[in-house]
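Take a look at the letters that make up each chain.
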Amino acid sequence: MLFFKDFRKLLIVCLKMLFRKTTRKRFIFLVVAFMLMMGFNTYSYVMRFHKTEIQKRDVLNERAFKLFFLRTRTTADCARFFFQHEKRLLDYGAEIVKEAFIYQNNLYIHFPPSPEGQINDGNRALDLLYDLFNIKKIGGALFLKTRDMDYEIKIRANYFDHNGAWLSDDIIRVRHKTLRQDLIDIADMIREGLGGQRLEVYNSVKKTIIDNIKRIPLEENYEPNPYLSRVENLIPMNFLYILTHITNDNTTDIMDLGESVRYEGDNTIETLASYTDIPPQYMGKLLYYDMDIYPRYIPVYTPNLLKPRWNWLLYEDIDFQSDLMDYIEQLHFKGNYMFSYEKSHIIEDKVKKINDDIYSNHIFFYLTDLSIGIAFPFMISLFAFIHLKTEISFLLMFKNRISELLFIFWLLPVFLMLIVKGGILTGYLIYLLSLGYGTSTYIVFSLSITFILASMVFYPINRWCFSQFTGDKLNLYALHKGR
Amino acid sequence: MECNFKITFPLILDNDDSFSIEFVSTKSDSLEFKEGIYYLCGDNGSGKTTFLNILALIAGNIGKKAINKGSISFNGEAYNGDSFNYVRAAEIRENSFCIFPQKAFFLPISTRDNYIILNGTEKYREESFSSQESPDLLSGGQQQKILMDIVLDDKKPVWFLDEPLTNMDAERRHFFWMTLDKAHMKGLHIIFFIDHWLDRVIIKDEDFQHHGTLGVTMKRCRKGKYFDIESQEIEIFKNSSPHHFFSRQTLNIEKEISMKKKGPMPHDMYV
Numbered sequence: 318m319l320f321f322k323d324f325r326k327l328l329i330v331c332l333k334m335l336f337r338k339t340t341r342k343r344f345i346f347l348v349v350a351f352m353l354m355m356g357f358n359t360y361s362y363v364m365r366f367h368k369t370e371i372q373k374r375d376v377l378n379e380r381a382f383k384l385f386f387l388r389t390r391t392t393a394d395c396a397r398f399f400f401q402h403e404k405r406l407l408d409y410g411a412e413i414v415k416e417a418f419i420y421q422n423n424l425y426i427h428f429p430p431s432p433e434g435q436i437n438d439g440n441r442a443l444d445l446l447y448d449l450f451n452i453k454k455i456g457g458a459l460f461l462k463t464r465d466m467d468y469e470i471k472i473r474a475n476y477f478d479h480n481g482a483w484l485s486d487d488i489i490r491v492r493h494k495t496l497r498q499d500l501i502d503i504a505d506m507i508r509e510g511l512g513g514q515r516l517e518v519y520n521s522v523k524k525t526i527i528d529n530i531k532r533i534p535l536e537e538n539y540e541p542n543p544y545l546s547r548v549e550n551l552i553p554m555n556f557l558y559i560l561t562h563i564t565n566d567n568t569t570d571i572m573d574l575g576e577s578v579r580y581e582g583d584n585t586i587e588t589l590a591s592y593t594d595i596p597p598q599y600m601g602k603l604l605y606y607d608m609d610i611y612p613r614y615i616p617v618y619t620p621n622l623l624k625p626r627w628n629w630l631l632y633e634d635i636d637f638q639s640d641l642m643d644y645i646e647q648l649h650f651k652g653n654y655m656f657s658y659e660k661s662h663i664i665e666d667k668v669k670k671i672n673d674d675i676y677s678n679h680i681f682f683y684l685t686d687l688s689i690g691i692a693f694p695f696m697i698s699l700f701a702f703i704h705l706k707t708e709i710s711f712l713l714m715f716k717n718r719i720s721e722l723l724f725i726f727w728l729l730p731v732f733l734m735l736i737v738k739g740g741i742l743t744g745y746l747i748y749l750l751s752l753g754y755g756t757s758t759y760i761v762f763s764l765s766i767t768f769i770l771a772s773m774v775f776y777p778i779n780r781w782c783f784s785q786f787t788g789d790k791l792n793l794y795a796l797h798k799g800r
Numbered sequence: 006m007e008c009n010f011k012i013t014f015p016l017i018l019d020n021d022d023s024f025s026i027e028f029v030s031t032k033s034d035s036l037e038f039k040e041g042i043y044y045l046c047g048d049n050g051s052g053k054t055t056f057l058n059i060l061a062l063i064a065g066n067i068g069k070k071a072i073n074k075g076s077i078s079f080n081g082e083a084y085n086g087d088s089f090n091y092v093r094a095a096e097i098r099e100n101s102f103c104i105f106p107q108k109a110f111f112l113p114i115s116t117r118d119n120y121i122i123l124n125g126t127e128k129y130r131e132e133s134f135s136s137q138e139s140p141d142l143l144s145g146g147q148q149q150k151i152l153m154d155i156v157l158d159d160k161k162p163v164w165f166l167d168e169p170l171t172n173m174d175a176e177r178r179h180f181f182w183m184t185l186d187k188a189h190m191k192g193l194h195i196i197f198f199i200d201h202w203l204d205r206v207i208i209k210d211e212d213f214q215h216h217g218t219l220g221v222t223m224k225r226c227r228k229g230k231y232f233d234i235e236s237q238e239i240e241i242f243k244n245s246s247p248h249h250f251f252s253r254q255t256l257n258i259e260k261e262i263s264m265k266k267k268g269p270m271p272h273d274m275y276v
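Quick note, the sequences are listed as chains S and X, same order. At position 466 of the first sequence (counting the first as 1) the number is 783 in my numbering, and the numbers step up by one without a gap. At position 59 of the second sequence (counting the first as 1) the number is 64 in my numbering, and the numbers step up by one without a gap.
Accuracy of the hints is not assured; some may be wrong.
[Claimed, not checked] Straight-line Cα separation of at most 30 Å, DSBU-like style, residue types lysine-lysine; simulated pairs:
hint: 1; chain 1: S; residue 1: Lys706; chain 2: X; residue 2: Lys39
hint: 2; chain 1: X; residue 1: Lys39; chain 2: S; residue 2: Lys326
hint: 3; chain 1: X; residue 1: Lys128; chain 2: S; residue 2: Lys790
[What the hints assert, rightly or not] Negatives, chain S to chain X, calculated, CB over 12 Å:
hint: 4; residue: Gly410
hint: 5; residue: Asp486
hint: 6; residue: Arg547
Just so you know, the hints here were simulated from the structure itself, not pulled from any lab data. The beta carbon of each residue, even a glycine, is placed where N, CA and C say it ideally should be.
All chains, please: the whole structure from these sequences, using the hints.
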């Protein structure tokens, strides 16, 4: 039996012999050198692991990397783009977001009339847009009454600043003027074909909305996402819905139509709740795709572009969906320019760098740790054999303890490795927990696998060191004499 | 339990092609050791200790790779059998052999711990050894005495005693013969004994018969060529029922002790 009753005694005897006066200093030096080298190496690995984990998490959690805006040049181009690429993009796990577009650096987007995302029916793409542009928060400032409370609804005639925090008033004023002009152009396009008294009502509503539309500045401390900071303003598309409904509503008489949109003195517009909703002809389609507002950038939602990837070298890096990225870049070269072309390169560069760092950190660690974890235990075993062969051969003359001795001299360096790795790992996990980062459990795999591998490889090496006791040539007498 | 060794000659022990020692029997090709005490008589360097080491499984080749033309078998189990290996050798040593080495040696721990690690068969005996005293610090005679207490175990049927009486005073020698006698009454079957001072006594003793003569050839070679060949002989004497011999030795030492108390030391303490 391996753990016979005197195993502890035998272990203590072996330790006493190793730490006896004549060999103590050399043995301590060897053990300390082993622990320091393994400790520094493991510590360096853990630090780099931590750094790359943070970078990896930042990239994987960066919501702006799940969204691209692609340019379409004309109405026909827009329709063709949608027709040709929607299915292909779906095959890649991407989708075109129909409820928003960028025109002249302004994002025109459908604002939900009810609080936080209940309206979008779990549309993850739209959710992401709301999240990225802080619409869930600022959206509450647009709608004063929800449809659930009343047949009519009040909304503020506001649009929202996205990146004008440090701009001068002059620039803000120019932006406002340009936006008003854009809105007038769009309104004119919506109005097309309308005549008579309905046209008068339409013009009156258009003037009311566009003349009174006001900019709401950025919230204090709000910083736009750096990868979407080129977007200047967020324009609730609901204002366009009102105009479209006025144009299309031929069921209401002219008096009621004139009353259907009323501007109040406090910068609010009271209108039918249904007038702020997506017009029926655009339901499930790209909003206002049929209007000549170009160049227009259409959002493409790419949730699977970056994913964590398990690697059999026992680490996790980032899987970059390069075929989707290639496809998007092909679109770019076919004229569907990206709103932020540099973003795609940033993503590629970041992913490559992080993956390279993760790979090199693990390869370096595996090689160095295995080298240290095999070489030093080998030296310890050799040291033990050289200095204890007399005692061991004497002991073996009386007792069959070779299995226990082999186990002890295998266990000793393995236990030292366990102390170093276990200690550093425990410290790191406590550090992560204290920071609330959660636990990066993958580090347990890499530390465990090197520990297990080194222990396994060291096992036959240890046996080899003591092979004079385990061969077919008995030599206890000579070894006992110190030969 | 019956115990026996059967040796088929020649027995060869070689050491890295630089040294070899060959044992042959002058009478026949084989020799058997059964119940009794066997006294090995020979000059210094004649190979007595080496022969005992081979028998005691602390030197020599074992297993199927053993190139010996001859063989040793203990209780029918050949040392050069196919399944015989270092583990089996260690088991036999632990269970059957008691080896008293020429020179006292200890593990660098207390005498009690030495007993526990090297023997440890009887719990009550542990207490008789000091847990504080380190045997390394004792004199040669005291060490011999302590080692005897630690390793001589009457549960083991074969004892290999290589000059156990060196450095021993009369009282300790008395204790030794008493111990041998007691052990022989219990479970001890075969004793191999080497001592230079007892040669004359053994040869003259009527209870001892000549058991055989071993021719020993030692070859030392350098670069594959033998440059030194030396031949020696070891005489083996056997006493199948050694009780009387042990008693006589005990009595002689008792006389020696009483004379020592009365007057000067005898000229030959063994006679």
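Verification of the hints:
no., hint, in the structure
1, S/Lys706 x X/Lys39, "violated (34 Å)"
2, X/Lys39 x S/Lys326, "violated (37 Å)"
3, X/Lys128 x S/Lys790, "violated (34 Å)"
4, Gly410, "holds (62 Å)"
5, Asp486, "holds (90 Å)"
6, Arg547, "holds (78 Å)"
Checked against the numbered hints given earlier, the structure breaks hints 1, 2 and 3 and satisfies all the rest.
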